[in-house]
Amino acid sequence: MASGAGSDRRGEELDGIVALWDAVDQRQWDELTAAAERLPLEQCSAYGAAMARASGYRPMPVVFMRGPDRVAAALLLEWRFPGGFRMAKLTRGPVFLAAVSDVERGAVFRLIKRRYPVAKLNLFFLTPELPAGAESDAQMGAVGMRPMVTGYSTVWLDLRPDLDALRAGLHVKWRNQLTAAEGAKLRVRSGYGGAPMEWLLSRHDQHRKRRKFRAPAGAFVAALADSGRDKRAVQVFTAYSGSEPIAAILTVRHGKAATYYVGWTGLEGREEHAHNLLLWAAIEKLKGLGVEWLDLGGVDGLHMPGVSRFKLGLGGKLVTLAGTYL
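So for the sequence shown, this note's numbering puts the first residue at 1; every next one is plus one.
Hint data in this document are derived by calculation from the structure and do not stem from the laboratory.
The C-beta atom is built at its ideal place from N, Cα and C for all residues, glycine as well.
Heads up, a few of these hints could be off.
The calculated lysine-lysine pairs, modelled on DSS-like cross-linking and capped at a C-alpha distance of 27 Å, are [what the hints assert, rightly or not]:
id: 1; residue 1: 89; residue 2: 212
id: 2; residue 1: 256; residue 2: 212
id: 3; residue 1: 185; residue 2: 285
Distance ranges between label pairs, derived from CB positions [unchecked claim]:
id: 4; residue 1: 194; residue 2: 162; range: 17 to 25 Å
id: 5; residue 1: 326; residue 2: 270; range: 38 to 46 Å
id: 6; residue 1: 86; residue 2: 176; range: 18 to 26 Å
id: 7; residue 1: 141; residue 2: 169; range: 32 to 40 Å
id: 8; residue 1: 81; residue 2: 169; range: 47 to 55 Å
Input sequences plus hints: build the corresponding full structure.
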């Protein structure tokens, strides 16, 4: 990630916070963000590396220092065009690594904004990991950014309770479907690539194109699986009826968190509630690996009410983010 000699490693200071641009490589970024409580997928190094493989964007990490302490970090994506024009975006960041004052928090956002002055042919989009509401709008307005797109909603499931408590926290209908799936003689296998991933991603792409819904392309998911330092961070869980796969999901681990990223099921899988069984198998596996939070991905009660009810049925917390600012 760091580009070495001639990069942007200068330290710019504001209100006691110093920004160090492009000063860490992929390994250092992973170590830096490993302890973040709820690290979003878009802020992990594998995501930035996959975007570089799939588009003209390049990852640009920045670390914020308060004296000797690292208090925040952000993984931006930059796309440089001929003539000096630069487009950049920061999605679900920055990640705060220590307690900061309101003044210091504002300094972090101002230092990011300063890198992309409009007068110097920059276009910068910011989607902060902040809750939707007037307070976040005011905070972004104070650094010169205005709302452009409404917020994204997701469900965060806390995996720190034991499995009995997590199961008790399931919505009663969801739990009954899980029990039915467990009695349906389905088998669940997990793996890290190969034929199960190809099977899932090909069906995911067909479904995505047919239904015309926004979701990561299979090629990007494959690039994500291949771009991280931990080749077991992306895992596929597949449900089999006899020897035939009938449903599958894919999860991505990043720091102490993980994301339910892709899933597909056919008619038999829906009838047997295979997705309930797969999500529960993933929860068990992820807990065993030390994952503390599971991001269940986007929910949209208007356009995807069934999917939204399914995700909310796991008993997580619905979070709506502030949206994108320009």
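The hints, checked one at a time:
no.: 1; hint: 89 with 212; verdict: holds (24 Å)
no.: 2; hint: 256 with 212; verdict: violated (32 Å)
no.: 3; hint: 185 with 285; verdict: holds (20 Å)
no.: 4; hint: 194 with 162: 17 to 25 Å; verdict: violated (32 Å)
no.: 5; hint: 326 with 270: 38 to 46 Å; verdict: holds (40 Å)
no.: 6; hint: 86 with 176: 18 to 26 Å; verdict: violated (53 Å)
no.: 7; hint: 141 with 169: 32 to 40 Å; verdict: holds (38 Å)
no.: 8; hint: 81 with 169: 47 to 55 Å; verdict: holds (49 Å)
When held up to the earlier numbered hints, the structure conflicts with 2, 4 and 6 and fits the remainder.
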